[in-house]
Amino acid sequence: MHLGKMAGSVHPVQPLDGCLPLQISIGSVPLSLFIRERALFEPASRRYREFTKDSAEAFPIVLKQPETQTHETGEFSYLLDDAQLILRSRGAEFHGVRHEFALDSLLRILLTMVLLPQRGFLLHGATVVRDGRAYVFFGRSGAGKSTVASLSPQGSVLTDEISLLRYSNGSWQAHGTPFWGEFRAAGINQMFPVAGLYLLKQADHERVELLSMKQALRALLPCVLFFASEKRAHETLLRTLMRLIAELPCHRLYFRRNSEFWRVIAA
Amino acid sequence: MSETVTRNPKLAWREIDGETVIISPEDSHVHELNETASLVWKHAEGQTLDQLAQRISAEYEVSRETARADLEELLTALGEKQLVFVAPDSKD
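Those protein sequence lines, which keep their order, are chains U and E.
The end of the first sequence is residue 267 by my numbering, with every number in the run present.
The end of the second sequence is residue 359 by my numbering, with every number in the run present.
Think of the hints as simulated: they come from the structure by calculation, not from any bench.
One or more of the hints may lead you astray.
[Stated by the list, open to error] With a straight-line Cα cutoff of 27 angstroms, these simulated DSS-like cross-link-like pairs (lysine-lysine) come out:
1) Lys214(U) to Lys201(U)
2) Lys214(U) to Lys309(E)
3) Lys231(U) to Lys214(U)
4) Lys277(E) to Lys214(U)
5) Lys309(E) to Lys348(E)
6) Lys348(E) to Lys214(U)
7) Lys348(E) to Lys231(U)
8) Lys53(U) to Lys64(U)
9) Lys348(E) to Lys277(E)
10) Lys277(E) to Lys231(U)
11) Lys309(E) to Lys277(E)
12) Lys309(E) to Lys64(U)
[To be verified] With the C-beta cut set under 8 angstroms, the calculated list includes, among others, these residues of chain U facing chain E:
13) Leu20
14) His99
15) Phe101
16) Ser212
17) Lys214
18) Arg218
19) Leu221
20) Leu225
21) Ser229
22) Glu230
23) Lys231
24) Met242
Think of the CB as a built atom: it goes at the ideal place given N, C-alpha and C, for glycine as much as any other residue.
Could you put together the complete structure from these sequences and hints?
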């Protein structure tokens, strides 16, 4: 697979058999979703309403009928329950998507692949904006991502579940995503420069501990959403993460369930 | 007869702070090597056990016998995790 082909390639968007696309942009990745079924198009339109954006160069994703079966694999394929993602250099197909949740899951998987050659990735983390900079609080399920988001002012949370980090214009940016956990908000389609990363650790006090590069890599790896099984893709991911932790401070944040953690972060 | 060491070619890896992090792409399993194991990993490819033992002996100022014994123990552990392969040197 040549992931690099996807970066910067042009994908003219045209109606597909009379099916107009739902055009969205997530993490500055323009996507055209060709959804034939009304019962899926409408909930998808609602779900991604904050991420709607027209683009002449969007990456086309064609949703095939749920009963469609295929044994093709493309350059990358991923089977998730009954739904399947097939990624090619010029577009993707989603097979067997019966509801918006399956669509959402396949979109996340697709984004991990499309972002990879563009120094971007998805991370299990909440992102909160403070004074114009993004603070990324990451950790596995139950670490406290939604807790941190709930303790932050309304309108400052870019996501409480899946953060999107990407290197662009000379710095690391955190993008809002439509991928939410407990909050189930529509999301904010904006990006902010990343101030730092914080591995969440619930405790009986507040404290920030700077991690070494090795500790940071060890902390980040299990929290990155990644579905490829190719050596080259993993090498690209490692290179991206190494660059990230060389350029951004990564901490372990001990915190209680109150907003006092901002005090130690600000210090 | 000497034996030659090769790294598992399927693995992705990076050195960080003098230590090595290895990812197995098939199952995303992460392996971490300490400083000594990282030294062996870094220089292992295509080297014989004698050559590697000599390097460890020089680096850590231990006898060749000690280095060789430690190396064999380490390679057994790495081999069990499918990180390296040890094969008879084809030149023998």
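Hint check, failures only: 12, 13, 14, 15 and 20
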